[in-house]
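Keeping their order, the protein sequence lines are chains G and X. In terms of numbering that gives the first Met the number 0, the first sequence opens at residue 0 and continues consecutively. In terms of numbering that gives the first Met the number 0, the second sequence opens at residue 0 and continues consecutively.
It is worth saying that the hints were derived from the structure and are not from the lab. None of these values were measured; they are calculated from a predicted model. A few of these clues could be false.
Unchecked claim - Some residues of chain G that are not near chain X, with every Cβ distance over 10 Å (derived):
no.	residue
1	D116
2	S150
3	I236
To be verified - Within a straight-line C-alpha distance of at most 20 Å, the following computed DMTMM-like cross-link-like pairs (lysine to aspartate or glutamate) qualify:
no.	chain 1	residue 1	chain 2	residue 2
4	G	K579	G	D680
5	X	K1	G	D265
6	X	K142	G	E678
7	G	K576	G	E678
8	G	K572	G	D543
9	X	K142	G	D680
10	G	K271	X	D18
For every residue, glycine included, the Cβ atom is placed at its ideal position computed from N, Cα and C.
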Amino acid sequence: MEKIVKNEARRDFLKVSGTVAGGLALGFYLPQSRQAQAADGGSPNAWVRIGGDNSVTIMCARSEMGQDVYTSMPMLVAEELEVDLNRVNVEFAPPAEVYINSLLGGQLTGGSTAVRDGWEKLRKAGASARMMLVAAAADNWGVDASQCTVSDGVISGPGGKKATYGSVAAKAAGMEVPKEVPLKPASQFKYVGNVKQKRLDTAAKVRGTAGFGVDTRIPGMKYAAVAMAPMMGGKLISYNDSRAKNFPGVHAVVQYSRGVAVVADDWWTAKKAVATLDPRWDGGPNANLDMTGLWAGIEEASNKPGAVFRESGDANQGLANAAKMITATYRLPFQSHSPMEPQNSVADVRADKAVIITPTQFQQLIPHVVAGATGLTPEQVEVQTTFLGGGFGRRVEVDYAIDAAEISKAAGVPVKMVWSREDDMTHDSYRPAGMYKFTAGVDAKGKLQALKFHSTSPSISSRLFPSIVKDGIDPFAVEGIDNFPYMADAGMSFSYQMHDTGVQVGYWRGVSHNLNAVALEAFIDELAVNAGVDPIQYRIDMLDMGSTKHQWSGLSAGVPVGARMKRVLEETKKITKFGKKMPAGKGQGVAVMEGYNSVVAIVAEVTVSSTYDVSLDKVTAVVDGGTLVHPDQALAQIQSCINMGQGVALYSEITVKNGIVEQNNFDGYRVARMNETPEIDVHFIKSDSVPGGLGEPATAVVQPAIANAIFAACGKRVRTLPMTPEHIAAA
Amino acid sequence: MKVTFKVNGKSETVDVAADTPLLWVLRDTLGMTGTKFGCGKALCGACTVHLSGNAVRSCQVQIGSLNGADVTTIEGLGGNHKVQRAWEALDVPQCGYCQPGQMMSASALLASNKNPSDSDINAAMSGNICRCGTYPRIRAAIKAAAKMS
Ligand code: FES
Ligand code: FES
Numbered sequence: 000m001e002k003i004v005k006n007e008a009r010r011d012f013l014k015v016s017g018t019v020a021g022g023l024a025l026g027f028y029l030p031q032s033r034q035a036q037a038a039d040g041g042s043p044n045a046w047v048r049i050g051g052d053n054s055v056t057i058m059c060a061r062s063e064m065g066q067d068v069y070t071s072m073p074m075l076v077a078e079e080l081e082v083d084l085n086r087v088n089v090e091f092a093p094p095a096e097v098y099i100n101s102l103l104g105g106q107l108t109g110g111s112t113a114v115r116d117g118w119e120k121l122r123k124a125g126a127s128a129r130m131m132l133v134a135a136a137a138d139n140w141g142v143d144a145s146q147c148t149v150s151d152g153v154i155s156g157p158g159g160k161k162a163t164y165g166s167v168a169a170k171a172a173g174m175e176v177p178k179e180v181p182l183k184p185a186s187q188f189k190y191v192g193n194v195k196q197k198r199l200d201t202a203a204k205v206r207g208t209a210g211f212g213v214d215t216r217i218p219g220m221k222y223a224a225v226a227m228a229p230m231m232g233g234k235l236i237s238y239n240d241s242r243a244k245n246f247p248g249v250h251a252v253v254q255y256s257r258g259v260a261v262v263a264d265d266w267w268t269a270k271k272a273v274a275t276l277d278p279r280w281d282g283g284p285n286a287n288l289d290m291t292g293l294w295a296g297i298e299e300a301s302n303k304p305g306a307v308f309r310e311s312g313d314a315n316q317g318l319a320n321a322a323k324m325i326t327a328t329y330r331l332p333f334q335s336h337s338p339m340e341p342q343n344s345v346a347d348v349r350a351d352k353a354v355i356i357t358p359t360q361f362q363q364l365i366p367h368v369v370a371g372a373t374g375l376t377p378e379q380v381e382v383q384t385t386f387l388g389g390g391f392g393r394r395v396e397v398d399y400a401i402d403a404a405e406i407s408k409a410a411g412v413p414v415k416m417v418w419s420r421e422d423d424m425t426h427d428s429y430r431p432a433g434m435y436k437f438t439a440g441v442d443a444k445g446k447l448q449a450l451k452f453h454s455t456s457p458s459i460s461s462r463l464f465p466s467i468v469k470d471g472i473d474p475f476a477v478e479g480i481d482n483f484p485y486m487a488d489a490g491m492s493f494s495y496q497m498h499d500t501g502v503q504v505g506y507w508r509g510v511s512h513n514l515n516a517v518a519l520e521a522f523i524d525e526l527a528v529n530a531g532v533d534p535i536q537y538r539i540d541m542l543d544m545g546s547t548k549h550q551w552s553g554l555s556a557g558v559p560v561g562a563r564m565k566r567v568l569e570e571t572k573k574i575t576k577f578g579k580k581m582p583a584g585k586g587q588g589v590a591v592m593e594g595y596n597s598v599v600a601i602v603a604e605v606t607v608s609s610t611y612d613v614s615l616d617k618v619t620a621v622v623d624g625g626t627l628v629h630p631d632q633a634l635a636q637i638q639s640c641i642n643m644g645q646g647v648a649l650y651s652e653i654t655v656k657n658g659i660v661e662q663n664n665f666d667g668y669r670v671a672r673m674n675e676t677p678e679i680d681v682h683f684i685k686s687d688s689v690p691g692g693l694g695e696p697a698t699a700v701v702q703p704a705i706a707n708a709i710f711a712a713c714g715k716r717v718r719t720l721p722m723t724p725e726h727i728a729a730a
Numbered sequence: 000m001k002v003t004f005k006v007n008g009k010s011e012t013v014d015v016a017a018d019t020p021l022l023w024v025l026r027d028t029l030g031m032t033g034t035k036f037g038c039g040k041a042l043c044g045a046c047t048v049h050l051s052g053n054a055v056r057s058c059q060v061q062i063g064s065l066n067g068a069d070v071t072t073i074e075g076l077g078g079n080h081k082v083q084r085a086w087e088a089l090d091v092p093q094c095g096y097c098q099p100g101q102m103m104s105a106s107a108l109l110a111s112n113k114n115p116s117d118s119d120i121n122a123a124m125s126g127n128i129c130r131c132g133t134y135p136r137i138r139a140a141i142k143a144a145a146k147m148s
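Make a model of the complete structure from these sequences and hints.
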C-alpha cells in the first residue's frame, strides 16, 4: 500500500548537544547494573573494581577505535595500583560524571586527548585505590599503612603478614579517600614507556572475537536495513511497502525520522526488502546543490572580511612596504570518515527503559538524545559502548543511535540497525571543504615580513557545540594556524569567514589542522622556494622562539613551541639528508606543525611520472610527543595518520551533485592500499615532558610534505587537493 | 533453500534465500561474527574467507552455490595459526575491524607461497582495505609468519 508520509520534525539532537556544550541540564548516574556489580568484591573508586577472587577490572572511559586507549589508559591506573597490567580485565565505562574528559568537558573521545586527560587523573586513581586497599589491610592488622608494601596486588605487612587485594577490597571501598596522592617518579615506571608492552586487545582482535557494534546480538533481536533520503536535507514523501511486507522473514516496515526501515530476521532479507520500497523524496533545500555552485558560494563568501582571530603589527602596511608580494589560494575538498565498520546500533526500546549498545565516541550524549527521540527520560536509557571499527571523528555524531532507537520503538522489538557502505558514505558529516588565501610580503632576500591569511569554510562547532563559537570564530576552524609558529615582524593578520555550504560537516581526524596547516605548510614552501633557501633552514630561521601559542584552539598546552620545532626540524634535516640530490622525477618535501601539544615534522619522498601519477616512496616523521606512554602504539598512530593523510592528499574527495554525495563506496572514494604504502620511518625525540596527543597531528603534516615533494619532483605547485594527475596537470 | 556445507570442518545446514551472500549466512544465520562486513561490493576484503582453501570475498558468494562446499573463517584459523601468532607478535591490529579479512587473505597467500616477495604481498593484499593504516605491520607480519613453522 502506498503510504503518504507526514513529516514530523525530527527531534533535533543538536539542541540537546547545545546544552551539553554549555555543561547544563545533564544528569549523571551509574546504571543499576554497575552498582550491583560494585557490591561484589569492592570498588575503591570508579576506575577500579576488585573481585573477591582477586580479579582486577579497570574501567576504560574512552572509546577504543584503534588508538589504543584500551591498553594505554588502564596502564596508567595499573602503574600506580601495582597490579599486573597483562592480567587485568578492561571494561568500557558507562556514561557518568566521573568519566568526563576534562579537556573536552564531556565523556567524549576525540581531540587526541585521552592520554593527556588521563595522564595524572588515572595514575592518581590507581594510587588512591592502592592507598585505600593498603589502609584497609593495615587497619585489619592494627599497623600503620606506612609499614606495608605492595607488589602485584598483594599487600605485605610487618611479621610476614599478607593480604590480597580481593580480601580487603570490600573494606577498602569504605576507607577514607586520600587527599594527598603522591605518584611514582618516571624512573620507577614498569609499564609507562615500556617498549615491549603489548596491546591488551590484540588476542581478541586476531581471533575475530572482539565485539564491535555490528557484532552485537541480544535475545529477540531483529535486523534493520534502511532507506534514507539520498539528498542532504531531503525528506520522505511516500513509499510502498506492499512487496516488502510479504517477504518471508520480514517482521515490520516502519517509518522513522530519516526514512523507512525494514525489520527482518536477518540483514540481507531486510536489505532486499528495502530495495522494493520505492521511496519518493522531497529533495529539500539542497536539491540543486552541485560543486560549481558550492565553490562559487565559497569564493563569494571569501570576499567578506571574516573575523580576525590573531593579529600583530600592521600587516597592511607591512605588505605595502614589502619588496615583493606573494599570494596563493588553496582549495581543499570535503572528505568522508568511512571507518571500516559502517555505522550501526543495537537498540531495545521498551515502555519504561531503553538499552543502546553502540560503537560511539560520545556515550554521554546518547541517553539525552535517545530520551528525546523516545519519550523516555535520560535515566531510563542505558548505554553500552562496544569496540569501534574505526572512528576518526565520525562516531562523535550520535545520529545512528537515535535512528536505531526510533526503529526499535516503532517496530516494538530490539533491533540491530546496520547501514550499508552506501548509506554510510552518503550520510556522513564530512570534513569541511574550504578556501585558504595567503598574501605574504617578503624582503629582497625573500624573508617573510608581513602575512595575511584568510580562510573560508563551514563551521563544525556551530552545529554541534554552538556555545563555543564566539564572535564568528569557531575554535575548531582556526586550529593549525592560530598557533602560527613563525615571525613576520611588520605584521600579521589571520581571519576566518564562516560559510555554510549546505553539506553537513563534522570533526574529522585532525579537524582543521587538516585544512589550515596543510595550506600553510605548502605556502611556506612557496616562500622558501622564492627565497632560494633550503625549506628546513628557511623555517628554522624564522621560528618564533618566544611567544608562539594558541590563541583560540584550546586542545594544546598553549606554551611556546619554537624550541621544540627547531629541535625536530634539525633532527629531520639530519635523518633525511634533506636537500640531497634526487634523480629526475623524484623529490623531497618537508612540513612541520605543532598540534595537540605534539610537534611533528615530516619529509615525504615521491616519484612523479610523466603523466603526473604520484608514487609516495618514503615518509620520515620526527615527532616530539612528550613522554610516550605506550611507545609501540605511539608509533602505530603515526603510521596510521600517515596512511590516512596519504589518502586525502592524493586520492579522495567527496563531491555533491543535485544534493547527493557522488561517492558511495570504496570504488568512488579511493583510500590508500597496501600496494601504495610507502616505507615509513618514525623517530621520536626523547622527552620527559607531559604526553602530547598523537592520534591526529601527523594526518595533517604528511599532506603538505607530499605537496612540496611533488613540486620538488616536477615543478608543479598543486593548490587544489587531492593531488590527482588531473589536478597536478592543471596546476 | 536448504544448503548443507562445511564451515570450519563442521557440517551446517541452513535454510535461507538462495541469493543470500555467504557473509550474511555466517554472521546472521550461524552467528559467526568474526567475518566482517565492510562494503558489500568486493572492494574492501573485510569479509574474506577461504572456499576450498582459496581466499574469496564472502559478500560476493551466494549461498545457493555452496552445497557441499568447504568454508573456513577466521574462527576456523584456530587461534594459533602462524599468521595469528605473527599478528600478535607485531601487535598489527589497531581498531581491528579489517583484520580477520587481512589474516584470511594472508593465510591463503602463505598456503600457496611459502616465501612471498613484496610484490606478491601487494598482489594478494591490496584488495583488503585497512582504514587504520596497519599496512606496514601487515607486510612485516606476513614476512614473519613465512619464517614460522
Ligand atoms: S564486504 Fe566483501 S569485500 Fe567488502
Ligand atoms: S585495523 Fe582498523 S581498519 Fe584495519
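The hints, checked one at a time:
no. : hint                 : verdict
1   : D116                 : 20 Å, holds
2   : S150                 : 27 Å, holds
3   : I236                 : 27 Å, holds
4   : K579(G) with D680(G) : 17 Å, holds
5   : K1(X) with D265(G)   : 16 Å, holds
6   : K142(X) with E678(G) : 15 Å, holds
7   : K576(G) with E678(G) : 16 Å, holds
8   : K572(G) with D543(G) : 19 Å, holds
9   : K142(X) with D680(G) : 18 Å, holds
10  : K271(G) with D18(X)  : 10 Å, holds
Checked against the numbered hints given earlier, this structure breaks none of them.
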